[in-house]
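Protein chains: 2
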Amino acid sequence: MAHTQGTVYQATWGKRDTQLILPTNSSLSVTLSQDHLRSLTTARCITDARPDARDRLWLNGDEEEIKEGGRTARCLEEMRALRRKVESSDPSLPPLSTHPLHIASENNFPTAAGLASSASGLSALIATLARLYALDDAHGVSTSDLSRIARQGSGSACRSMFGGYVAWEQGERADGLDSVAVEVAPASHWPDLHALILVVSDKKKGTPSTAGMQRTVATSALLEHRIKHVVPARMERISRAILARDFDAFAQETMADSNQFHAVCLDTAPPIFYLNDTSRAIMQLVAELNRASGRALAAYTYDAGPNAVLYVQEKDVRTVLDVVLRYFPQTRASFPDPFGTGASPTGESQVGIEGFNEGVIPRHEEGAVARVIHTKVGDGPRTLDSDKEGLLDASGMPKSLRA
Amino acid sequence: MAHTQGTVYQATWGKRDTQLILPTNSSLSVTLSQDHLRSLTTARCITDARPDARDRLWLNGDEEEIKEGGRTARCLEEMRALRRKVESSDPSLPPLSTHPLHIASENNFPTAAGLASSASGLSALIATLARLYALDDAHGVSTSDLSRIARQGSGSACRSMFGGYVAWEQGERADGLDSVAVEVAPASHWPDLHALILVVSDKKKGTPSTAGMQRTVATSALLEHRIKHVVPARMERISRAILARDFDAFAQETMADSNQFHAVCLDTAPPIFYLNDTSRAIMQLVAELNRASGRALAAYTYDAGPNAVLYVQEKDVRTVLDVVLRYFPQTRASFPDPFGTGASPTGESQVGIEGFNEGVIPRHEEGAVARVIHTKVGDGPRTLDSDKEGLLDASGMPKSLRA
Chain H
1 MAHTQGTVYQ ATWGKRDTQL ILPTNSSLSV TLSQDHLRSL TTARCITDAR PDARDRLWLN
61 GDEEEIKEGG RTARCLEEMR ALRRKVESSD PSLPPLSTHP LHIASENNFP TAAGLASSAS
121 GLSALIATLA RLYALDDAHG VSTSDLSRIA RQGSGSACRS MFGGYVAWEQ GERADGLDSV
181 AVEVAPASHW PDLHALILVV SDKKKGTPST AGMQRTVATS ALLEHRIKHV VPARMERISR
241 AILARDFDAF AQETMADSNQ FHAVCLDTAP PIFYLNDTSR AIMQLVAELN RASGRALAAY
301 TYDAGPNAVL YVQEKDVRTV LDVVLRYFPQ TRASFPDPFG TGASPTGESQ VGIEGFNEGV
361 IPRHEEGAVA RVIHTKVGDG PRTLDSDKEG LLDASGMPKS LRA
Chain Z
1 MAHTQGTVYQ ATWGKRDTQL ILPTNSSLSV TLSQDHLRSL TTARCITDAR PDARDRLWLN
61 GDEEEIKEGG RTARCLEEMR ALRRKVESSD PSLPPLSTHP LHIASENNFP TAAGLASSAS
121 GLSALIATLA RLYALDDAHG VSTSDLSRIA RQGSGSACRS MFGGYVAWEQ GERADGLDSV
181 AVEVAPASHW PDLHALILVV SDKKKGTPST AGMQRTVATS ALLEHRIKHV VPARMERISR
241 AILARDFDAF AQETMADSNQ FHAVCLDTAP PIFYLNDTSR AIMQLVAELN RASGRALAAY
301 TYDAGPNAVL YVQEKDVRTV LDVVLRYFPQ TRASFPDPFG TGASPTGESQ VGIEGFNEGV
361 IPRHEEGAVA RVIHTKVGDG PRTLDSDKEG LLDASGMPKS LRA
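Chains H and Z supply the protein sequences, listed in that same order. Its first residue numbered 1, the first sequence is counted upward by one per residue in my numbering. Its first residue numbered 1, the second sequence is counted upward by one per residue in my numbering.
Derived by calculation from the structure, the hints in this document are not laboratory data. This structure is a prediction, so every number in the text was calculated from the model and none was measured. Be aware that one or more of the hints could be misleading.
Stated by the list, open to error - If you anchor each label on the Cβ, the simulated ranges turn out as follows:
hint, chain 1, residue 1, chain 2, residue 2, range
1, H, A233, Z, N276, 46 to 56 Å
2, Z, R54, H, A292, 38 to 48 Å
3, Z, K67, H, N276, 36 to 46 Å
4, H, E358, Z, A53, 42 to 52 Å
5, H, A73, Z, K315, 23 to 33 Å
6, H, P51, Z, G352, 51 to 61 Å
7, Z, E64, H, H189, 56 to 66 Å
8, Z, P362, H, A292, 51 to 61 Å
9, Z, N276, H, E172, 49 to 59 Å
Stated by the list, open to error - Pulled from the structure, derived: some chain Z residues nowhere near chain H, Cβ distances all over 12 Å:
hint, residue
10, K85
11, S220
12, E224
13, A233
14, Q260
15, H262
16, D267
17, F273
18, A281
19, E288
20, R291
21, Q350
Said to hold, decoys possible - Here are the computed lysine to aspartate or glutamate pairs in the EDC-like style, where the Cα-Cα straight-line distance is at most 16 Å:
hint, chain 1, residue 1, chain 2, residue 2
22, Z, K228, H, E224
23, Z, K399, Z, E87
24, H, K228, Z, E63
25, H, K85, H, D178
Note that the Cβ used here is the ideal one computed from N, Cα and C, for glycine as well.
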């Protein structure tokens, strides 16, 4: 099971219920390709009768405690409950819900650095268990049903259950049954949307998302206005832009929403900062690039961290890369050019846009942006070959432990 | 004539009329002492009949053109009109309104670096001309009347016509006649309010205030909510806090309003940034200082620039200075300690507050904060001895030109 996601725009800040993870407003995201960023998860039922058998979890090779009453435990419980229902309606099925689970998961990108690692990891967990437990349409379980469970593990994980362009409907019920993800459009509808992730810092965030959200809900005088009067219309507009493949409208809404998300973070007491000087220089560069071009060449969005995600249409990727690499030079290692664009990582290329103000920001030193990850819109969870790519051996222990 | 001001809190962003400089909301400021930051202005009527005599202006020693129809010209015109009215009602007065004016003005702090230099300079100009023209209560002209004219030169200059704690009532009339400054309390009401100005950058601002304001009015979805639903109640609360000398309430409102002002700047397309990483580190330091102390020791506020103004009660000045200088070390030249607190400029002092998290921000290098200006709440415009301190000689030319 492999999965990852990139948020198009940040409308999930603030939770109306922190236990169930119910958001204060709907939101929308783009799922990014697993060819470049992914969580790889393997789950096995431990069916032999070891006396000490219990649910166990390994993240990136290290065992993690599954805290009783915690989010992971709750997700396992919900998935088992669904499986029990399926088993009771079809007694021929093996009683997998009665066995302990061993789960191993690995991200190929840094955790807790604002790259949506928990959304990716949790959605991969749910998708993996759904596959193991055969919880699918044939057994009366939809992807939106699964997204409801993923949501309780890590809010935005619900969106990552789908590929392509995904909405998280906030829902209205106190029990959260209607707070689920739905597909706006599959990746194939608008396949030429690329994403450049400018990794500004790999350091752990100062403010964990959950604590930040609660402070904003408690103290921001602007958040409620944003939720009630700005986001609903924006959800409509951005969905329409996606359906019409209208990049200009998509870019305008994406950037405005990212700006406003960080504005309400700043309108928090004490204020929450995710953007740093490098983040802001990237925003200024994109604004100048779009101004000089007379149309949107790129759209930035910032999650709860300093990293930029730039959305770019395929036809403009080389132009935008040339500009990005000119102002934030990379090495071949930090920009391996996976799509073979031929852009010079050290930024020798000139900006070939008439009227572009070269002095809009300084050319930064190597390392100001640690890495440039080039990826694009991608599909949803994939099932892989467990024998070849699985992380657990036949006994249910991580293969990495044998090394 | 000498004058300066420091804004307590930023509620003047956005103009409902850019010609008359009518703000979208009321606001409040603290006038800072002229002992440390001031504009010194001298004006003379040129009464001899030189054929080429005309209005002339020297700023910091260099002559500046008085553009026809510009803000300075408009202020001179309005002051002359007031003088004409006074002359017509008392024909014994000399016809000063008929003579050209020579004006020289000097700030003892950098212009356009977010230190409210234009507010200070314009209010000094109006106060100087009022003195020259005898436009005072005895002649039926109040300080609020003068503030209306200062407002047309540089919006926030209207507040600087008063000392102490000053409100700028937005007014409702289209002609702006009711958009004037009024005294909330004189400096003597709450005299122990000190201000530490942390000069983060002396460079010219990226976005001039006026252009920034218009972009925010045009594009921010949050500004209107702030104006209509947040600022009016805050004006009430902050005025009450000043009248009650309640520093905790004053600090909370001041910081929340500064945060929200910069939030709506960020909610602008393209976004406007005034705070940089150093500005934000100062905010985090103040938040930690207040948290660990269990009460507000300092309140930050940021104008349209990266410089911090920290308000501190006299009893806490040494404690706050020790912390500021520990994290942002100075030299004796950049922190001359005008109040003789004895704080070490190089930050050797320990933070003597139990539970203070020393790692809240890194200790910065010398120069991250270029200067620490220590001042306090002060009085309004002062009349000085022209012979000794005036900038123009008897012929009306700048004394500096003779050197």
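To see whether the hints hold, each was checked on the structure:
no.	hint	in the structure
1	H:A233 to Z:N276: 46 to 56 Å	violated (33 Å)
2	Z:R54 to H:A292: 38 to 48 Å	holds (42 Å)
3	Z:K67 to H:N276: 36 to 46 Å	holds (40 Å)
4	H:E358 to Z:A53: 42 to 52 Å	holds (47 Å)
5	H:A73 to Z:K315: 23 to 33 Å	violated (51 Å)
6	H:P51 to Z:G352: 51 to 61 Å	holds (57 Å)
7	Z:E64 to H:H189: 56 to 66 Å	holds (59 Å)
8	Z:P362 to H:A292: 51 to 61 Å	violated (37 Å)
9	Z:N276 to H:E172: 49 to 59 Å	violated (42 Å)
10	K85	holds (45 Å)
11	S220	violated (8 Å)
12	E224	violated (9 Å)
13	A233	violated (9 Å)
14	Q260	violated (5 Å)
15	H262	violated (6 Å)
16	D267	violated (4 Å)
17	F273	violated (5 Å)
18	A281	violated (10 Å)
19	E288	violated (9 Å)
20	R291	violated (8 Å)
21	Q350	holds (23 Å)
22	Z:K228 to H:E224	holds (14 Å)
23	Z:K399 to Z:E87	violated (30 Å)
24	H:K228 to Z:E63	violated (53 Å)
25	H:K85 to H:D178	violated (20 Å)
Checked against the numbered hints above, the structure violates hints 1, 5, 8, 9, 11, 12, 13, 14, 15, 16, 17, 18, 19, 20, 23, 24, 25; every other hint is satisfied.
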